[in-house]
Amino acid sequence: MRTPVVVIGAGQAGLAMSHHLAGRGIDHVVLDRGEVAQSWRNERWDSLRLLTPNWMTRLPGHRYEGPDPDGFMDKNETVAFLDGYGRSIGAPVHTHVDVEQVTARAGGFEVATDQGTWTCDAVVAATGASSEPRLPAVAAELPGRVDQLTALQYRNPDQLRDGEVLVVGASASGAQIADELRRSGRQVAIAVGEHVRLPRTHRGRDIHWWMDAIGQLDERYDEVDDINRARRLPSLQLVGSPERRTLDLNALCASGVDVVGKLMRIVGQKAQFSGALGNLVANADLKLYRLLARIDEFASDNDLDGELPEPTAPAPTMLGTVPTELELGRFATVIWATGYRPSYSWLDRAAFDQYGRIVHDGGVCALSGLYLLGLPFLRRRKSSFIDGVGADAAELAGHLHAHLDNRGL
Amino acid sequence: MSTTQNPVVDNGVNVQALLGARQALTDAPPAAQFQWRASCEWVKGTHSRTTISGFSGLGQEHSHRQPYTVESDHPEVFASEDNAATPPEIVLAALASCLTGGIATVATHRGIQLRSVTATIEGAMDLQGILGIDSDVRNGFNGIKVTYAIDADASKADIEALVAQSQKRSAVFDIIANPTTVQVDVA
Numbered sequence: 001m002r003t004p005v006v007v008i009g010a011g012q013a014g015l016a017m018s019h020h021l022a023g024r025g026i027d028h029v030v031l032d033r034g035e036v037a038q039s040w041r042n043e044r045w046d047s048l049r050l051l052t053p054n055w056m057t058r059l060p061g062h063r064y065e066g067p068d069p070d071g072f073m074d075k076n077e078t079v080a081f082l083d084g085y086g087r088s089i090g091a092p093v094h095t096h097v098d099v100e101q102v103t104a105r106a107g108g109f110e111v112a113t114d115q116g117t118w119t120c121d122a123v124v125a126a127t128g129a130s131s132e133p134r135l136p137a138v139a140a141e142l143p144g145r146v147d148q149l150t151a152l153q154y155r156n157p158d159q160l161r162d163g164e165v166l167v168v169g170a171s172a173s174g175a176q177i178a179d180e181l182r183r184s185g186r187q188v189a190i191a192v193g194e195h196v197r198l199p200r201t202h203r204g205r206d207i208h209w210w211m212d213a214i215g216q217l218d219e220r221y222d223e224v225d226d227i228n229r230a231r232r233l234p235s236l237q238l239v240g241s242p243e244r245r246t247l248d249l250n251a252l253c254a255s256g257v258d259v260v261g262k263l264m265r266i267v268g269q270k271a272q273f274s275g276a277l278g279n280l281v282a283n284a285d286l287k288l289y290r291l292l293a294r295i296d297e298f299a300s301d302n303d304l305d306g307e308l309p310e311p312t313a314p315a316p317t318m319l320g321t322v323p324t325e326l327e328l329g330r331f332a333t334v335i336w337a338t339g340y341r342p343s344y345s346w347l348d349r350a351a352f353d354q355y356g357r358i359v360h361d362g363g364v365c366a367l368s369g370l371y372l373l374g375l376p377f378l379r380r381r382k383s384s385f386i387d388g389v390g391a392d393a394a395e396l397a398g399h400l401h402a403h404l405d406n407r408g409l
Numbered sequence: 001m002s003t004t005q006n007p008v009v010d011n012g013v014n015v016q017a018l019l020g021a022r023q024a025l026t027d028a029p030p031a032a033q034f035q036w037r038a039s040c041e042w043v044k045g046t047h048s049r050t051t052i053s054g055f056s057g058l059g060q061e062h063s064h065r066q067p068y069t070v071e072s073d074h075p076e077v078f079a080s081e082d083n084a085a086t087p088p089e090i091v092l093a094a095l096a097s098c099l100t101g102g103i104a105t106v107a108t109h110r111g112i113q114l115r116s117v118t119a120t121i122e123g124a125m126d127l128q129g130i131l132g133i134d135s136d137v138r139n140g141f142n143g144i145k146v147t148y149a150i151d152a153d154a155s156k157a158d159i160e161a162l163v164a165q166s167q168k169r170s171a172v173f174d175i176i177a178n179p180t181t182v183q184v185d186v187a
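Protein chains in written order, with our numbering: chain Y, 1 to 409; chain E, 1 to 187.
Hints are supplied without guarantee of correctness; some may be wrong.
Using C-beta positions, here's what the derived DEER-type ranges look like [stated by the list, open to error]: (1) Glu310(Y) with Ile130(E): 49 to 57 Å; (2) Ile52(E) with Gly256(Y): 42 to 50 Å; (3) Glu310(Y) with Phe78(E): 53 to 61 Å; (4) Pro30(E) with Val224(Y): 25 to 33 Å; (5) Thr321(Y) with Asp151(E): 28 to 36 Å; (6) Leu233(Y) with Ala21(E): 17 to 25 Å; (7) Gly107(Y) with Phe34(E): 44 to 52 Å; (8) Gln101(Y) with Gly12(E): 50 to 58 Å; (9) Leu233(Y) with Val137(E): 38 to 46 Å; (10) Asp70(Y) with Ser56(E): 56 to 64 Å; (11) Ala21(E) with Gly25(Y): 46 to 54 Å; (12) Pro29(E) with Val224(Y): 20 to 28 Å; (13) Ile130(E) with Gly320(Y): 26 to 34 Å; (14) Arg341(Y) with Asp126(E): 38 to 46 Å.
Subject to a maximum C-alpha distance of 16 Å in a straight line, what follows is the list of computed EDC-like cross-link-like pairs (lysine to aspartate or glutamate) [said to hold, decoys possible]: (15) Lys287(Y) with Asp158(E); (16) Lys44(E) with Glu76(E); (17) Lys287(Y) with Glu194(Y); (18) Lys168(E) with Asp285(Y); (19) Lys270(Y) with Glu327(Y); (20) Lys75(Y) with Glu35(Y); (21) Lys270(Y) with Glu164(Y); (22) Lys75(Y) with Asp46(Y); (23) Lys168(E) with Glu194(Y); (24) Lys145(E) with Glu89(E); (25) Lys287(Y) with Glu160(E); (26) Lys145(E) with Glu122(E); (27) Lys156(E) with Asp285(Y); (28) Lys145(E) with Asp174(E); (29) Lys270(Y) with Asp136(E); (30) Lys75(Y) with Glu43(Y).
It is worth saying that the hints were derived from the structure and are not from the lab.
Cβ atoms here follow ideal geometry from the backbone N, Cα and C, with glycine treated the same way.
Same shape as in the complex, but just chain Y:
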């Protein structure tokens, strides 16, 4: 089978790319191992909602138009939204096709799947940033009597056997899972490493409205001081909820969750946690206050003060005395919410450097004709958001178009 372009993955990124390729009249196929929005169907916990509000749920040529612009889509609504997008743009999606190997051939690629092999001139890898859990080395030290699962495997509190839970990680996933388990009546401890604290709303508007308004979400990868650090930043400590509540360490403490530092080591029957939590918390608070000051300055400069409530500062994070050691015996389950990473096990090794990193500039790979899409801060701070992938797809489709033209196709 032959096509100019194979897009791998039919999520927000693959579909946005399909839209832009179609707009340029470039023939292509979109392959997915499952259905459209597969990871939202099968790899998310039941209560998860988008972290961005409905009005911000925009893809090229498609947006939320329901009655609740300030709400947050749940898992099923998100699947339906992406499904509807795929149908509205007539994306040429081939479902249930497992890509087994992508190999660079003279001037193009061979995409081997369980449904046959495609030859093409360009490949767009749009398989997402969260294909696999990123586990710390300490995970291997956990004794077998403790159940362990990753955030990708967690569904709801009933799935876990009775007993206390240690949630490792306090970005969106860990904070939400710890909060949900605590609300279900469990004893919960959360191990907190570096995190990005944010209030859900500021002066009555969603924090994402502000981050968008001040231009932060549009900051480009070739303009920030240290793109590698920006890409490694943990995800925002937020929850999408109907009541637009803030989920931070103060909220978790108030609900009775025990907060400890980063899990460092298991020694005998004890789990040891970092004593550096105070610094991480101070750093997160400082960055939060700096962002809110920037927002308030923006509001004044744009004459918004008259229509907005006065600014209020979130309380500093207060944790009290935090132990650096806990008896492992108290935990029945450990949940690893320590981040995710993309998986490119099927991709030609020629795309990687000697340290296993894909060599690319904003998604344009050094391996000519290969493109990445849908990764954190790929081209701008919002690259991994539904609202951000469209702009990246437009730019990469342009580059890809020129690549095909240069080859005289």
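With chain Y held as given, fit chain E onto it using these hints.
Chain E alone, transformed into the frame defined by chain Y:
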């Protein structure tokens, strides 16, 4: 790489060289593998003398400009001769020095001119641990408190951010705040 460095700022730190080294080690991670060494000789009683001269890194051996020595002893209240600071006090000194060096580096990178930096450092310890009186009490510090007084051309928030960042990049802060596997052998 762009920096916010202000040319009139001089804290005696060559930030450009550090940024260059950072880039070089990003490109060649094996060169980032360093080993720090010391040798310690018993003098008499609790008095000992540690000599520090060579280390390895950047793919080769290095020597300090000259060998340095650090002496240590216990105080007279422990029936020792108090020839030098105690080992835990040297740990506190190492932490304060590491954080202070970091503050100067980060300040220069951020274009902040320092006029004075003073750290007071306190480590609380329950001797019932070392003496084996109560096995629930640890030998080491219960906690360490560092307080900085900094006079600089910067707002309070910027100074707080400076101190926070120096902890984030400090080797000794990490060594103390996080567990490390220690293996002690007899040759």
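Verification of the supplied hints:
1. Glu310(Y) with Ile130(E): 49 to 57 Å: holds (55 Å)
2. Ile52(E) with Gly256(Y): 42 to 50 Å: Distance hint for Ile52(E), Gly256(Y) holds at roughly 49 Å.
3. Glu310(Y) with Phe78(E): 53 to 61 Å: At 59 Å between Cβs, range holds.
4. Pro30(E) with Val224(Y): 25 to 33 Å: holds (27 Å)
5. Thr321(Y) with Asp151(E): 28 to 36 Å: Holds, at about 32 Å.
6. Leu233(Y) with Ala21(E): 17 to 25 Å: holds (23 Å)
7. Gly107(Y) with Phe34(E): 44 to 52 Å: Because 45 Å falls inside the window, the suggested range holds.
8. Gln101(Y) with Gly12(E): 50 to 58 Å: Distance hint for Gln101(Y), Gly12(E) holds at roughly 56 Å.
9. Leu233(Y) with Val137(E): 38 to 46 Å: holds (40 Å)
10. Asp70(Y) with Ser56(E): 56 to 64 Å: Holds, since Asp70(Y) and Ser56(E) (Cβ atoms, about 58 Å apart) stay within the stated range.
11. Ala21(E) with Gly25(Y): 46 to 54 Å: holds (50 Å)
12. Pro29(E) with Val224(Y): 20 to 28 Å: For Val224(Y) against Pro29(E), whose Cβ atoms are near 22 Å apart, the range 20 to 28 Å holds.
13. Ile130(E) with Gly320(Y): 26 to 34 Å: Distance hint for Ile130(E), Gly320(Y) holds at roughly 27 Å.
14. Arg341(Y) with Asp126(E): 38 to 46 Å: Holds: the Cβ-Cβ distance is about 43 Å, inside 38 to 46 Å.
15. Lys287(Y) with Asp158(E): Holds: Lys287(Y) and Asp158(E) sit about 11 Å apart, inside 16 Å.
16. Lys44(E) with Glu76(E): holds (14 Å)
17. Lys287(Y) with Glu194(Y): At roughly 12 Å apart (the allowed maximum being 16 Å), Glu194(Y) and Lys287(Y) satisfy the hint.
18. Lys168(E) with Asp285(Y): holds (14 Å)
19. Lys270(Y) with Glu327(Y): holds (5 Å)
20. Lys75(Y) with Glu35(Y): Roughly 14 Å separates the two Cα atoms, so the pair holds.
21. Lys270(Y) with Glu164(Y): Between Lys270(Y) and Glu164(Y) the Cα gap is close to 15 Å, so the pair holds against 16 Å.
22. Lys75(Y) with Asp46(Y): holds (7 Å)
23. Lys168(E) with Glu194(Y): holds (10 Å)
24. Lys145(E) with Glu89(E): holds (13 Å)
25. Lys287(Y) with Glu160(E): The given pair, whose Cα atoms are some 11 Å apart, holds under the 16 Å limit.
26. Lys145(E) with Glu122(E): OK: Lys145(E) and Glu122(E) at ~5 Å, within 16 Å.
27. Lys156(E) with Asp285(Y): OK: Lys156(E) and Asp285(Y) at ~14 Å, within 16 Å.
28. Lys145(E) with Asp174(E): holds (15 Å)
29. Lys270(Y) with Asp136(E): holds (14 Å)
30. Lys75(Y) with Glu43(Y): holds (10 Å)
Of the numbered hints stated above, none is contradicted by the structure.
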